[in-house]
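Undergrad: Protein chains in written order, with the numbering used here: chain A, 1 to 189; chain B, 190 to 370; chain C, 371 to 738.
Bear in mind the hints are in silico, worked out from the structure with no lab data behind them.
Any given hint might turn out to be false.
Output of the computed footprint for chain B on chain C, the stretches with three or more beta carbons under 8 Å from beta carbons of chain B [said to hold, decoys possible]: (1) 383 to 389; (2) 413 to 420; (3) 510 to 524; (4) 596 to 605; (5) 706 to 720.
Here are the computed lysine-lysine pairs in the DSS-like style, where the Cα-Cα straight-line distance is at most 25 Å [what the hints assert, rightly or not]: (6) C:K596 with A:K53; (7) C:K454 with A:K87; (8) A:K87 with C:K375; (9) C:K579 with A:K79; (10) A:K36 with C:K631; (11) A:K47 with C:K596; (12) A:K153 with B:K204; (13) A:K13 with A:K115; (14) C:K662 with A:K79; (15) C:K612 with A:K79; (16) B:K358 with A:K153; (17) C:K667 with A:K22; (18) B:K361 with A:K115; (19) A:K79 with C:K596; (20) A:K81 with C:K579; (21) A:K81 with C:K692; (22) C:K612 with A:K47; (23) A:K81 with C:K465; (24) C:K692 with A:K87; (25) A:K81 with C:K454; (26) A:K22 with C:K454; (27) C:K454 with A:K153; (28) C:K610 with A:K79; (29) C:K579 with A:K53; (30) C:K667 with A:K19; (31) A:K37 with A:K22; (32) C:K596 with A:K81; (33) C:K631 with C:K596; (34) A:K81 with C:K631; (35) B:K329 with B:K204.
Taking CB as the label site, the calculated pair distances span [to be verified]: (36) A:V168 with C:E399: 51 to 61 Å; (37) B:Y234 with C:L542: 48 to 58 Å; (38) A:G138 with C:D532: 39 to 49 Å.
Just so you know, even glycine gets a beta-carbon here, dropped at the ideal spot from N, CA and C.
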Amino acid sequence: MELLLEKIRDRIKVNFDLKDSKFNMNERRIDLYIDKKSISSILFYLKEQMGFKHLMHASVVDWLEEGELEVIFLLWAPKEKISVFVKTRLDRENAKMDNLDMIWPQLNTYEREFKEMYGIEFEGLEAPDEFILEDWDGPPPMRRDFDTAAFAKDVYSERTGREDAKDVRETIAKRSGEEIPDFAKKYSR
Amino acid sequence: MYYDKTQDRLTEIIKNFARKHSLWILAYGTGCGAIEVPATMTSRYDAERLGVRGAATPRQADVLLITGYLTVKTLKRVIRVYEQMQDPKYVIGFGSCAINGGMYWDSYNTIKQLDLYLPVDVYISGCMPRPEAVLQGFGKLQSLIKEGKADGARKYKDELDYYRGNQQKIIKNWDFPDYNW
Amino acid sequence: MKREKATTLYFGPQHPGITGNMMVRLKVEGDTIVHARTEVGYLHRAFEKLAERRNWIQTFTLMCRFCVPEPDPVEASYARAVEKVAGIEIPERAKWIRVLVLELARISSLMLWHAGQGHSLGLYTMGQWSVGDRNYILDLFEELTGGRIYHMYIWPGGVRKDFPEGFGDKVLHTMDYIEKRLDEYNDLMFNNSIFQKRTQGVGYISQEKVIERGVVGQPLRACGIKSDIRIDDPYEAYDKIKFNVPTQTGGDIWARALVRKEEIRESISIIRQVIENIPKGDVYTKLPNPQKWTIPKGDAFARTESVRGEVGMYVASDGGNKPRRVHFRGAAYVHAITLLEDVLVGANIADVSAIMNSLGTCPPEIER
């Protein structure tokens with residue numbers, strides 16, 4: 001098993017320059033960390049030449065402390081039953097990538113969502129502007145510096161009278177005939 | 190419908206009797222709770238013995254069942270559908286998300302209090318409400334109609350400025366037609 | 371004959387024949403569709419943003435509301451992904467109980483599909499029968515987990531509670547009843563000549579298109595390709611259970627309906643094997659205090675075979691007690707947007723609802 005994963009990794013290393021790679025034996029998984037400029041060629045190579053035909057998922061993780069956005073593609077080879085996680089990093093201020101939906105057509109939908117939720121620009125993407133949010137003029141909502149509770153409190157107003165659940169606790173205590181302990185008396189929403 | 194003081198009392202009692210035994214629900218599943226509505230209509234919890242059945246278009250419906258949370262995009266369509274329904278009409282708020290936002294209390298896309306945008310007659314609590322709770326909610330609506338207190342439609346017409354003010358605060362692209370009542 | 375100008379129709383959010391709260395904008399010439407575009411976003415609650423503000427156990431209460439007709443495969447994906455990242459092993463009995471719950475959810479959702487497909491073609495009796503019988507399965511769920519629709523039963527570490535007394539006999543009794551009723555559904559819907567005429571040859575997808583667009587689930591199996599996560603990449607206790615995966619070669623609505631009809635029978639046989647062979651033991655490994663439970667840095671992806679196809683959950687952790695990223699991908703993400711716009715071109719207006727019900731377009735899992 002380890003030999004098979006190493007063989008795959010070495011064949012990729014010959015053709016592309018990898019920043020780093022990791023194995024996970026239990027889950028039959030290889031992690032590849034590569035640079036942004038060689039993403040489309042490595043995905044083509046993995047799909048056509050190495051048999052990783054099935055795109056399971058594509059995702060974005062926001063690492064605010066390091067100032068980078070990480071884009072991840074998850075591929076699966078149906079014959080050898082091995083999965084590959086291809087990871088690359090983009091700068092947060094200037095997040096740009098090439099359009100990739102000529103490799104797998106369903107990436108069109110993923111790219112529309114990443115553009116709306118994270119603000120990543122895909123050069124050459126052809127799609128209508130709005131996908132999920134309508135008339136949204138704030139910052140991209142899934143970034144970690146957007147505070148959703150403060151936004152909700154500001155724009156929508158909540159029903160008053162239930163700021164803490166004191167009436168619930170007192171009703172339950174009266175019904176079961178027991179005392180509210182001291183540590184529970186200070187709870188509020 | 191509201192207690193119309195220009196009519197005599199006997200006509201109003203007969204009209205309310207007819208209205209409360211024939212409540213048609215609009216076929217619009219706005220949220221999660223729409224999965225318990227087919228179960229309420231079929232053989233175990235039969236709601237058709239109370240006169241409740243589905244209606245296809247807003248012009249043919251009496252009750253708008255807001256099943257669960259409402260996002261801002263859906264709220265725009267729901268207001269338009271509500272204004273197309275004809276008197277007498279009622280609104281039932283279904284689930285805890287219609288009461289005070291439910292478990293999406295800190296989400297940037299759902300509204301927290303349905304009462305500010307549409308006049309609600311009956312709330313049914315639960316997440317999600319059981320079919321027995323839905324039938325009890327309809328029973329409560331029927332008793333409100335009998336007493337002449339289910340007057341959400343008249344309230345919407347009289348206090349239109351209050352509701353429009355709240356709606357325009359969160360809906361940015363306002364392109365509604367101007368109905369002159 | 372001259373072509374007419376194209377009219378725009380909104381197969382909109384409020385419609386008696388649509389599978390949820392979504393819109394398809396159609397451009398129509400006469401009765402034939404020339405262009406279709408899907409619009410989603412009416413049900414967006416920002417789950418993934420909310421999950422970053424709750425700890426690992428509080429997020430699990432959000433997970434079941436991703437997909438409304440079948441909440442259990444989503445809970446199972448989240449639990450397995452968290453167990454992979456944290457390195458937790460679950461006891462053997464918990465795996466078998468999870469298989470039972472997932473198969474019961476599959477039967478109940480396929481009965482709801484019968485109702486939807488019948489409604490879209492005008493067969494309203496099917497809905498009355500199958501939704502009425504689905505109540506018996508929801509009774510089983512209520513006895514085991516406490517709720518009819520949202521169970522919150524499968525959590526990282528196992529399942530919440532063990533079987534109550536006499537539960538195995540009740541399950542077998544319900545399965546016998548449902549097997550008898552399946553013959554009656556067959557007579558009503560599949561032997562009906564109107565149903566056959568309206569579904570054979572409609573909504574055809576060729577095999578190349580299916581492979582190129584990454585379609586999963588029953589549309590894939592109805593084109594002749596045998597692919598199922600329970601066999602290709604087995605999880606829980608599926609490698610110890612014997613079952614078949616039905617396939618057909620038609621590629622139209624009729625073939626997909628036949629595949630779904632056979633899947634209920636396979637699920638019933640899986641449930642019978644589980645009740646016979648389930649081992650004894652614990653159902654849950656103890657986890658530390660949820661307020662302080664931290665998971666080391668890493669990420670994982672877990673796939674499950676839900677009723678409509680392959681669903682997956684990607685979980686990333688940064689060493690804290692709240693998840694860094696929880697990303698769910700439903701089967702309808704591919705089917706309802708790129709595939710639907712392709713299949714609808716050239717169809718009649720009267721077939722749109724039937725095609726949507728047969729592809730399995732469920733909007734809550736697209737926009738979460």
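Undergrad: Evaluate each hint against the coordinates.
TA: Against the structure, the hints:
1. With 4 residues having a beta carbon nearer than 8 Å to a beta carbon of chain B, the segment 383 to 389 of chain C meets the requirement of three or more and the stated coverage holds.
2. With 6 residues carrying a beta carbon less than 8 Å from a beta carbon of chain B, the segment 413 to 420 of chain C meets the three-residue requirement, and the given coverage holds.
3. Only when three residues or more bring their CB closer than 8 Å to a CB of chain B does the claim for the segment 510 to 524 of chain C stand; here the count is 3, and the claim holds.
4. A count of 0 residues in the segment 596 to 605 of chain C with a Cβ less than 8 Å from any Cβ of chain B is obtained; the coverage claim is therefore unmet, three being the minimum.
5. Given as covered by chain B, the segment 706 to 720 of chain C fails the check, having 0 residues with a CB less than 8 Å from a CB of that chain where 3 are the minimum.
6. In summary, the hint linking C:K596 to A:K53 is supported, as the alpha carbons are separated by about 16 Å, within the 25 Å threshold.
7. With a C-alpha separation of about 19 Å, the suggested pair C:K454 and A:K87 falls inside the 25 Å cut-off, and the hint holds.
8. A threshold of 25 Å between alpha carbons decides the hint, and for A:K87 with C:K375 the separation of about 48 Å lies outside it, so the pair is violated.
9. For a cut-off of 25 Å, the pair hint linking C:K579 to A:K79 stands: about 20 Å separates their Cα positions.
10. For the given pair, A:K36 sits about 47 Å from C:K631 by alpha-carbon distance, which is inconsistent with the 25 Å threshold.
11. For the suggested pair A:K47 and C:K596, the alpha carbons sit about 21 Å apart, so the restraint of at most 25 Å is met.
12. Taking the CA atoms of A:K153 and B:K204, the gap is about 44 Å. The hint is violated against a cut of 25 Å.
13. Straight-line distance between C-alpha atoms of A:K13 and A:K115 comes to about 31 Å, which puts the hinted pair past the 25 Å bound.
14. Annotation: proposed proximity of C:K662 to A:K79 is violated, straight-line Cα distance about 42 Å (limit 25 Å).
15. Proximity of C:K612 to A:K79 is assessed by CA-CA distance (about 22 Å); at most 25 Å being required, the pair is judged to hold.
16. Only pairs whose Cα atoms come within 25 Å are accepted, and B:K358 paired with A:K153 is accepted, the gap being roughly 14 Å.
17. For the hint pairing C:K667 with A:K22, the CA-to-CA distance comes to about 14 Å; that is within 25 Å, so the pair holds.
18. Under the criterion of a C-alpha separation no larger than 25 Å, the hint pairing B:K361 with A:K115 is consistent with the structure, at around 22 Å.
19. Annotation: proposed proximity of A:K79 to C:K596 holds, straight-line Cα distance about 13 Å (limit 25 Å).
20. Pair hint A:K81 plus C:K579 holds up; C-alpha atoms about 23 Å apart against a cutoff of 25 Å.
21. At most 25 Å may separate the alpha-carbon atoms for a hinted pair to count; A:K81 and C:K692 exceed this at roughly 31 Å.
22. Of the supplied pair hints, the one linking C:K612 and A:K47 is violated, its CA atoms being roughly 32 Å apart against a limit of 25 Å.
23. For the suggested pair A:K81 and C:K465, the alpha carbons sit about 22 Å apart, so the restraint of at most 25 Å is met.
24. Between C:K692 and A:K87 the CA atoms are separated by roughly 22 Å; this keeps the pair inside 25 Å, and the hint holds.
25. Proposed proximity of A:K81 and C:K454 is supported: the alpha carbons are some 18 Å apart, at most 25 Å.
26. Restraint check for A:K22 and C:K454: the C-alpha separation of about 16 Å stays at or below 25 Å, so the hint holds.
27. Distance hint between C:K454 and A:K153 is unfulfilled; the C-alpha atoms sit about 36 Å from each other, more than 25 Å.
28. Only pairs whose Cα atoms come within 25 Å are accepted, and C:K610 paired with A:K79 is accepted, the gap being roughly 21 Å.
29. With a C-alpha separation of about 14 Å, the suggested pair C:K579 and A:K53 falls inside the 25 Å cut-off, and the hint holds.
30. The suggested pairing of C:K667 with A:K19 holds, with an alpha-carbon distance near 19 Å, which does not exceed 25 Å.
31. Restraint check for A:K37 and A:K22: the C-alpha separation of about 21 Å stays at or below 25 Å, so the hint holds.
32. Restraint check for C:K596 and A:K81: the C-alpha separation of about 15 Å stays at or below 25 Å, so the hint holds.
33. Restraint check for C:K631 and C:K596: the C-alpha separation of about 16 Å stays at or below 25 Å, so the hint holds.
34. Restraint check for A:K81 and C:K631: the C-alpha separation of about 29 Å exceeds 25 Å, so the hint is violated.
35. At roughly 18 Å between alpha-carbon atoms, B:K329 and B:K204 fall within 25 Å of each other, so this suggested pair holds.
36. For the pair A:V168 and C:E399, the supplied restraint of 51 to 61 Å holds, since their beta-carbon distance comes to about 60 Å.
37. Range check, B:Y234 to C:L542: about 26 Å between beta-carbon atoms, so the 48 to 58 Å window is missed.
38. About 48 Å separates the C-beta atoms of A:G138 and C:D532, a value consistent with the hinted range of 39 to 49 Å.
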